[in-house]
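There are 6 protein chains.
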Amino acid sequence: MSTFGFIEYNDANPQVKAVYDDIMATRKTDYINNFWKAIAHDPALLKRTWESLKAIMAPGALDPLTKELIYIAVSVTNNCGYCIASHTASAFAKGMTAAMFQELQAVIGMANETNKLVTGYQVAIDSRFQPPLELPK
Amino acid sequence: MSTFGFIEYNDANPQVKAVYDDIMATRKTDYINNFWKAIAHDPALLKRTWESLKAIMAPGALDPLTKELIYIAVSVTNNCGYCIASHTASAFAKGMTAAMFQELQAVIGMANETNKLVTGYQVAIDSRFQPPLELPK
Amino acid sequence: MSTFGFIEYNDANPQVKAVYDDIMATRKTDYINNFWKAIAHDPALLKRTWESLKAIMAPGALDPLTKELIYIAVSVTNNCGYCIASHTASAFAKGMTAAMFQELQAVIGMANETNKLVTGYQVAIDSRFQPPLELPK
Amino acid sequence: MSTFGFIEYNDANPQVKAVYDDIMATRKTDYINNFWKAIAHDPALLKRTWESLKAIMAPGALDPLTKELIYIAVSVTNNCGYCIASHTASAFAKGMTAAMFQELQAVIGMANETNKLVTGYQVAIDSRFQPPLELPK
Amino acid sequence: MSTFGFIEYNDANPQVKAVYDDIMATRKTDYINNFWKAIAHDPALLKRTWESLKAIMAPGALDPLTKELIYIAVSVTNNCGYCIASHTASAFAKGMTAAMFQELQAVIGMANETNKLVTGYQVAIDSRFQPPLELPK
Amino acid sequence: MSTFGFIEYNDANPQVKAVYDDIMATRKTDYINNFWKAIAHDPALLKRTWESLKAIMAPGALDPLTKELIYIAVSVTNNCGYCIASHTASAFAKGMTAAMFQELQAVIGMANETNKLVTGYQVAIDSRFQPPLELPK
Numbered sequence: 001m002s003t004f005g006f007i008e009y010n011d012a013n014p015q016v017k018a019v020y021d022d023i024m025a026t027r028k029t030d031y032i033n034n035f036w037k038a039i040a041h042d043p044a045l046l047k048r049t050w051e052s053l054k055a056i057m058a059p060g061a062l063d064p065l066t067k068e069l070i071y072i073a074v075s076v077t078n079n080c081g082y083c084i085a086s087h088t089a090s091a092f093a094k095g096m097t098a099a100m101f102q103e104l105q106a107v108i109g110m111a112n113e114t115n116k117l118v119t120g121y122q123v124a125i126d127s128r129f130q131p132p133l134e135l136p137k
Numbered sequence: 001m002s003t004f005g006f007i008e009y010n011d012a013n014p015q016v017k018a019v020y021d022d023i024m025a026t027r028k029t030d031y032i033n034n035f036w037k038a039i040a041h042d043p044a045l046l047k048r049t050w051e052s053l054k055a056i057m058a059p060g061a062l063d064p065l066t067k068e069l070i071y072i073a074v075s076v077t078n079n080c081g082y083c084i085a086s087h088t089a090s091a092f093a094k095g096m097t098a099a100m101f102q103e104l105q106a107v108i109g110m111a112n113e114t115n116k117l118v119t120g121y122q123v124a125i126d127s128r129f130q131p132p133l134e135l136p137k
Numbered sequence: 001m002s003t004f005g006f007i008e009y010n011d012a013n014p015q016v017k018a019v020y021d022d023i024m025a026t027r028k029t030d031y032i033n034n035f036w037k038a039i040a041h042d043p044a045l046l047k048r049t050w051e052s053l054k055a056i057m058a059p060g061a062l063d064p065l066t067k068e069l070i071y072i073a074v075s076v077t078n079n080c081g082y083c084i085a086s087h088t089a090s091a092f093a094k095g096m097t098a099a100m101f102q103e104l105q106a107v108i109g110m111a112n113e114t115n116k117l118v119t120g121y122q123v124a125i126d127s128r129f130q131p132p133l134e135l136p137k
Numbered sequence: 001m002s003t004f005g006f007i008e009y010n011d012a013n014p015q016v017k018a019v020y021d022d023i024m025a026t027r028k029t030d031y032i033n034n035f036w037k038a039i040a041h042d043p044a045l046l047k048r049t050w051e052s053l054k055a056i057m058a059p060g061a062l063d064p065l066t067k068e069l070i071y072i073a074v075s076v077t078n079n080c081g082y083c084i085a086s087h088t089a090s091a092f093a094k095g096m097t098a099a100m101f102q103e104l105q106a107v108i109g110m111a112n113e114t115n116k117l118v119t120g121y122q123v124a125i126d127s128r129f130q131p132p133l134e135l136p137k
Numbered sequence: 001m002s003t004f005g006f007i008e009y010n011d012a013n014p015q016v017k018a019v020y021d022d023i024m025a026t027r028k029t030d031y032i033n034n035f036w037k038a039i040a041h042d043p044a045l046l047k048r049t050w051e052s053l054k055a056i057m058a059p060g061a062l063d064p065l066t067k068e069l070i071y072i073a074v075s076v077t078n079n080c081g082y083c084i085a086s087h088t089a090s091a092f093a094k095g096m097t098a099a100m101f102q103e104l105q106a107v108i109g110m111a112n113e114t115n116k117l118v119t120g121y122q123v124a125i126d127s128r129f130q131p132p133l134e135l136p137k
Numbered sequence: 001m002s003t004f005g006f007i008e009y010n011d012a013n014p015q016v017k018a019v020y021d022d023i024m025a026t027r028k029t030d031y032i033n034n035f036w037k038a039i040a041h042d043p044a045l046l047k048r049t050w051e052s053l054k055a056i057m058a059p060g061a062l063d064p065l066t067k068e069l070i071y072i073a074v075s076v077t078n079n080c081g082y083c084i085a086s087h088t089a090s091a092f093a094k095g096m097t098a099a100m101f102q103e104l105q106a107v108i109g110m111a112n113e114t115n116k117l118v119t120g121y122q123v124a125i126d127s128r129f130q131p132p133l134e135l136p137k
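Protein chains in written order, with the working numbering: chain A, 1 to 137; chain B, 1 to 137; chain C, 1 to 137; chain D, 1 to 137; chain E, 1 to 137; chain F, 1 to 137.
Excised from the complex, chain A in its bound form (with noise of 0.2 Å):
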């Protein structure tokens, strides 16, 4: 369910549907996420949602895979059930192994952690991680 519910691609104006139609063929599947279904009442935040996520969880740099980690580390930081559940069923199909799974959760459980430490301690930045870091080649 959602706010106010799923636009099925057969209710879909065009659109909605075409945004459906580049979803499935980029992600080569005839399944379209609630997620999706819930925004399309909002053709234009589907439109640029999609068309964003698409450009950002391509390969590049980093490989789709290690998004999908980062992706998790962020929606288990901000405890969103709905986040954690696809992109984890995501990042499996992505070839996530078990043993990733595990050392994942227990990297977020520790800098979540740390951070708390660093936070209540009222810990000073270090002068040699300050901004500007000298730019990699």
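Take these hints with a grain of salt, some might be off.
For chains that are exact copies, the list does not tell them apart, and a pair is met inside one copy or across any two.
SDA-like mimics (lysine to any residue), calculated; alpha carbons at most 25 Å apart, straight line [unchecked claim]:
1. LYS17 with LYS28
2. LYS17 with GLY95
3. LYS17 with GLU134
4. LYS17 with ASP63
5. LYS94 with ARG128
6. LYS47 with THR26
7. LYS47 with ASN10
8. LYS94 with ASP30
9. LYS47 with GLN15
10. LYS94 with ASP11
11. LYS94 with ASN13
12. LYS94 with GLN15
13. LYS47 with TRP36
14. LYS28 with LYS47
These aren't lab readings, by the way, just hints derived from the structure by calculation. If you're wondering where the values come from, they're calculated on a predicted model, not measured in any experiment.
Since the structure of chain A is provided, determine the placement of chains B, C, D, E and F on it from the hints.
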């Protein structure tokens, strides 16, 4: 600065010195950063945190640089200034390129945006994403 | 459900009933929502929270609907499911249109994204944005 | 300061300059604030972020000042110092009065408080608030 | 500094002065800290916030020092630098020892870590922990 | 449920069984809650997390119940439903009364509110609260 100031190597007790020595040996550096010097007021915490971090950040199913990227993703989402500064510097030292940094930030930003769209539109989890997932071999 | 269950009107003590009566009178409804019935186990908290909310959400320099939009923005950012559901319903009751809902969610998503880009790129505050600002008349 | 420092107009490549020009033209100013100069190291991110922001913050079903208030509500909840400073200044420039600022902060504070009371008391969503809601015309 | 600067005692109107007087009398001090001087631009907010805080932080079923520890736990988790600094100082003034501070920080760190492990592993609530709980006498 | 389901005692390998045995012996119970059964897929994480938790939550300068209250404060602020449910049940088992629960929630709510007022009003830290603080004996 930090709540109780920093404990420098020469002022440290043997238990703290042993951790400092291990940090420097493991990281092949003679520098102890502020975080450790701030929490050294609690030697048990210092030891437990360092040993957990050392185990978790070691090479495994994920390589150390990927783990740094995940650490940064958590730290940015938590808005922990110290953690962002130190792990960004550390990631560059481990081989992160400018292009990798930029893709990392783009994914973090996008994930934070879609996390909130999912939440605001109250999107229910697709049944196919519901755990338990089959454990990949 | 809630930690201690709900206190219904007929089971409430006079102090709680007085708050329930004021909620119904102020909101022109005969419905008390779960939040109030859950915190009624602490009558002092119930009274203080209701009186603060009533004062803060009243028409003023900002109209009540704008205040609901702000409430939703906070609740989505905090990922508070109950709060999102109840304030979204409430905003629609106060005149929010579907177009307003959609723009609200787009702004919330965008703000969450740029908050993290600013944080991840460690951007210092422009001197012209530094407080104190001159107080507008 | 920022991770890689700021790219000033005169040092910018044509793609970045085009975005800077559009920012200044749209906002009727000759000032480019630090955020844009920090992310200009990634011209694709700069362009996508600016174009999304420009579309989202334009007048629509919600007026630009209301959108700034929502932006501030998110930024305060996320504790993003830069974002608070820049959007507070921006909101005053768009006509926010001191009284509006004060009501905004009071609502943000109250929403954060009740978000946590709801959460701590584990309050279930009233069935009447459960989505889907009927879409208002 | 703060958005509109600080209102000092001698510049305060009678409503603000009355709150300042009560703060100093209640806390047995002649010092008004920056928070109050910043929100004094909104005398109604100042009064409501102080009166709520005074009631909530008073001795009750929990002693005032325990309440400060809880305040710090929230403030660290929210990454509120001002709040951490002021409540840490306040807790020491109320009798927190170094050992208590250290255990507090260790618990905060651990709780943040396990919160995220629970979330990342998508753990469902045990039926025995499901509310409603029986109210202890 | 959880990402990979739960590992029950009889299906556990010896390393996991050893941790389960220690949990039951330490807590004087024959019940292993879902969290441990979910992370048991990573026996090293299970062991490290349990041993850290056992050390941190043991009686010390702070008593175990106070530590549970702090755990709840973090969990509510992070909006971790599982953690709130399990630690609230646990705190009641350790002697938390209804009055203590209510004061705890009131402090959590208040702290979250004032955290955001401080942040929204951009209040600078009083020089007397700046670390380092003198370490109490």
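Looking at the structure, which of the earlier hints fail to hold?
-> 2, 4, 10, 11 and 12
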